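Asks: Same order as they appear, the protein sequences are chains L and B.
Residue numbers for the first sequence follow the numbering used here, beginning at 1 and rising by one.
Residue numbers for the second sequence follow the numbering used here, beginning at 1 and rising by one.
Misleading hints may appear alongside valid ones.
[As the list claims (entries may be wrong)] Below, computed lysine to any residue pairings styled on SDA-like, alpha-carbon distance capped at 25 Å: (1) L:K263 - L:H238; (2) L:K263 - L:N220; (3) L:K263 - L:E18; (4) L:K263 - L:R247; (5) L:K263 - L:D287; (6) L:K263 - L:A274; (7) L:K263 - B:E37; (8) L:K263 - L:R36; (9) L:K263 - L:P252; (10) L:K263 - L:A243; (11) L:K263 - L:T160; (12) L:K263 - B:G22; (13) L:K263 - B:P30; (14) L:K263 - L:N277; (15) L:K263 - B:W40; (16) L:K263 - B:Q36; (17) L:K263 - B:P34; (18) L:K263 - B:E58; (19) L:K263 - L:E241; (20) L:K263 - L:E303; (21) L:K263 - B:T10; (22) L:K263 - L:R239; (23) L:K263 - B:P59; (24) L:K263 - L:P237; (25) L:K263 - L:G235; (26) L:K263 - B:R39; (27) L:K263 - B:A35; (28) L:K263 - L:R250; (29) L:K263 - B:R42; (30) L:K263 - B:L32; (31) L:K263 - L:L240; (32) L:K263 - L:V288; (33) L:K263 - B:R11.
Don't read these hints as lab results, they were simulated from the structure.
Bear in mind that the values here come from a model prediction, so they are computed numbers and not experimental data.
So you can see what is in the structure, the chains are spelled out below.
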Amino acid sequence: MTRVVHYLNQFFVGQGGEDAASAPPGRTQGPVGPGRRLQQLMGDGFEIVATVHCGDDDASGRPEAIAEILALAAEEHPDLLVIGPAFTSGRYGLACARLAAAAVEAGIPVLAAMHADNPGLDEAGAAPVVASGAVAREMGPSLERLAQAARVVAAGEPLTAAHGSIGRTRRRVVRAEEPAAVRAVDLVLARLGGDRERTEVPLPRFDRVTPAAPVTDLTNAVVALVTEGGLVPDGNPHRLESARATRWLRYPLHGIDELTSGKYQSVHGGFSTAWANEDPHRILPLDVARELEDEGAIGRLHEEYLVTAGNGTSVGNARRFGVEWAADLRRSGARAAILTAT
Amino acid sequence: MVCNLVSVATRVGAPRVVPARGIPYPTGDPSLAPAQERRWRRRLVQQALEALTTPVAEPTVFPVQEVGHD
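Using the sequences and the hints, build the whole thing.
Replies: See the structure below:
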C-alpha cells in the first residue's frame, strides 16, 4: 500500500475563500474534496492517509509556513506527497512549488500539479510537476493526469513529457542505445532536415528584460501610476474582467487628489478586495504621489492611470499589456512608471 | 514595481522591485494606524522613485526601511 499525503489550499478543503486565506497550516485524516476523486483515480494500492492544507496568504506569505506544512505531512510517513492541482493560481501555485521543492530537499517523494503558466512553477526546482488545466473547471481531466503521474512517480520512474511533465528538466543517468557521436550526427541530420525541436538537452527559455536607463532628472519627469490590482471606478463601468483579463483600461487622474473609498473598487478576483475598497490608495498610491508632486520631487504625475487585473492572466496577454502600456506611456510623454502589483 | 511576491518579480526579470507587505495591499498596511500607513506608503513611493533614478543591470530589489507600529 502506497501511503499518500495530499496538499490542498483552504478553498479546496472547504475552509473558505478569501476570508480563510490567512488560515494556518492544518491536517485532516483521509482524502478531502478533490482528494476523494484522486483517491478513486489512483485506485487500489494507494491510500490518501491525510490531507494537509493552508490558507494561500499564509502559505505564500509567511516564511515558516512551508516548513510547517511539510512537518505535518512528514508525521504521516508518506511514500508520496501529492500537491495540488493549483491551475494558474499565483499564491497557491507558489505554495505548491515551494512545498514540492522542500519535500525533495527532505527526501520525501513528491509530485505537484499546476498549469505551465503558473508563476510559481520555477520555484519547484527539481521536483516533478505535472501539467494541470488553467482553471478549476478543468479539475476532472487534471486529476486524471495527476493520478496517472502519481503512479509513475510512486513506481520510482522518471516523469517525462509524455506524462505531462512541466518545469525544469531533471537529469538522470540512462544507458543510450548509440554512442554520443552517432546521436549527435543524427541530431544534426534531423536539424538539416528541418526538425528544429529535437534535442537531448532542452534548454530553459529565459525571458530577458533589458532594464530601462534610469531617469536622470525626476524633478522634470512625468511619472505614471499603473497597476494590475483591478482598481476601477465604482460599479466597474467598462467591465474589466476579474480573472484571465484580455484587456486593460485607462482612467483619468487629472484634477483628482485622492481616491475616495466608495468611488473606486478593486475587481481583482485573486485576493480579498476588502482592504483595497476600504482605501483605494492601498492599490494605487495617488495621495502620496500628489504630495510628492506638490513638493517638486517629480515633475508631474501622468494624467491617467492604466489598469488591468493580473489574475490567471496568460503570459501572452500579459506580455501584450506590457508592450501596449510602454508604447502608450512613451507616446504621452511619461518618462517613468510605478507599477503596483498584487 | 511595488509588489509582495518579490521572488516571482525578479525571476521574470522586473528590473526594479520595491517589496511590499501583503498581496492585497501593495501600497498599504492595514495593520498600521492611518497616519502611519500613509507614512509607509510615502516611503514605498519615495523608494520607487529612488529606484527609477538608479542604474541597474539585472533585477534589483530596493527594500524600504521599516516603519514601526507606533
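Asks: Indicate, hint by hint, whether the structure satisfies it.
Replies: For each hint, the structure was consulted:
no. : hint            : verdict
1   : L:K263 - L:H238 : 15 Å, holds
2   : L:K263 - L:N220 : 31 Å, violated
3   : L:K263 - L:E18  : 23 Å, holds
4   : L:K263 - L:R247 : 22 Å, holds
5   : L:K263 - L:D287 : 15 Å, holds
6   : L:K263 - L:A274 : 14 Å, holds
7   : L:K263 - B:E37  : 20 Å, holds
8   : L:K263 - L:R36  : 44 Å, violated
9   : L:K263 - L:P252 : 13 Å, holds
10  : L:K263 - L:A243 : 22 Å, holds
11  : L:K263 - L:T160 : 51 Å, violated
12  : L:K263 - B:G22  : 23 Å, holds
13  : L:K263 - B:P30  : 19 Å, holds
14  : L:K263 - L:N277 : 9 Å, holds
15  : L:K263 - B:W40  : 23 Å, holds
16  : L:K263 - B:Q36  : 23 Å, holds
17  : L:K263 - B:P34  : 19 Å, holds
18  : L:K263 - B:E58  : 39 Å, violated
19  : L:K263 - L:E241 : 18 Å, holds
20  : L:K263 - L:E303 : 18 Å, holds
21  : L:K263 - B:T10  : 33 Å, violated
22  : L:K263 - L:R239 : 16 Å, holds
23  : L:K263 - B:P59  : 36 Å, violated
24  : L:K263 - L:P237 : 12 Å, holds
25  : L:K263 - L:G235 : 9 Å, holds
26  : L:K263 - B:R39  : 23 Å, holds
27  : L:K263 - B:A35  : 21 Å, holds
28  : L:K263 - L:R250 : 16 Å, holds
29  : L:K263 - B:R42  : 22 Å, holds
30  : L:K263 - B:L32  : 23 Å, holds
31  : L:K263 - L:L240 : 16 Å, holds
32  : L:K263 - L:V288 : 18 Å, holds
33  : L:K263 - B:R11  : 35 Å, violated
Comparing the model with each earlier hint shows violations of hints 2, 8, 11, 18, 21, 23, 33; every other hint is respected.
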